[in-house]
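K.L.:
Sequence:
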Amino acid sequence: MKEVTVQELKSMMDQNEQFQLIDVRESFEYEVSNLNGLNIPLAGILIESEKVSKDIPVIIQCRSGKRSAQAVMLLEQQGFENLSNLKGGILAWKEEIDPDIDVY
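In UniProt numbering, the protein residues as written are 1 to 104.
One or more hints might be untrue.
[Stated by the list, open to error] Label-pair ranges, simulated between beta-carbon atoms:
| hint | residue 1 | residue 2 | range |
| --- | --- | --- | --- |
| 1 | E95 | D14 | 14 to 20 Å |
| 2 | E81 | L38 | 16 to 22 Å |
| 3 | D98 | L38 | 17 to 23 Å |
| 4 | L38 | V103 | 18 to 24 Å |
| 5 | L91 | M1 | 17 to 23 Å |
| 6 | L91 | S27 | 17 to 23 Å |
| 7 | M12 | N39 | 17 to 23 Å |
Note that these hints are calculated values from the structure, not bench results.
Model, not experiment: these values are computed from the prediction.
We treat Cβ as the ideally placed atom computed from N, Cα and C, and that holds for glycine.
Sequences and hints are given; from them, build the entire structure.
P.N.:
Written out as structure tokens, the structure reads:
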């Protein structure tokens with residue numbers, strides 16, 4: 001499974017690279033804090049897989065990287081080949097990029 005660090009994600013954002021960010025946390029978690037990704041909770045990732053791009057890089061994130069890793073595995077079984085897991089999730093983002101972001 002490919003992984004992207006929060007520093008790599010921040011660089012991609014800063015350089016306006018084309019990619020899709022998907023947040024697989026529950027909507028109540030997304031409302032507390034998010035990185036402006038598309039919110040598709042893990043339980044619905046296969047049902048809503050048509051919302052996941054196939055032609056640009058896709059980075060999947062959650063709180064710590066565990067649920068997003070599950071989402072990557074599930075989607076790869078459906079034939080997706082352009083996915084990366086955000087290593088450490090939003091907790092790593094808070095620790096390394098933005099200490100002011102709210103996490104729970």
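K.L.:
Would you mind marking each hint as holding or not holding in the structure?
P.N.:
How the hints compare with the structure:
Judged by the Cβ atoms, the range 14 to 20 Å given for E95 and D14 holds: they are separated by roughly 18 Å. Hint check: E81 to L38, Cβ distance near 19 Å, so the stated range 16 to 22 Å holds. Restraint check, D98 to L38: a C-beta distance of roughly 20 Å satisfies the suggested window 17 to 23 Å. Look at L38 against V103: about 19 Å separates their beta carbons, and that is inside 18 to 24 Å.
Checking the proposed 17 to 23 Å range against L91 and M1 shows it holds: the Cβ atoms sit about 19 Å from each other. The hint said 17 to 23 Å for the Cβ distance between L91 and S27, and at roughly 19 Å that hint holds. Here the CB-CB span from M12 to N39 is close to 19 Å, well matched to the stated 17 to 23 Å.
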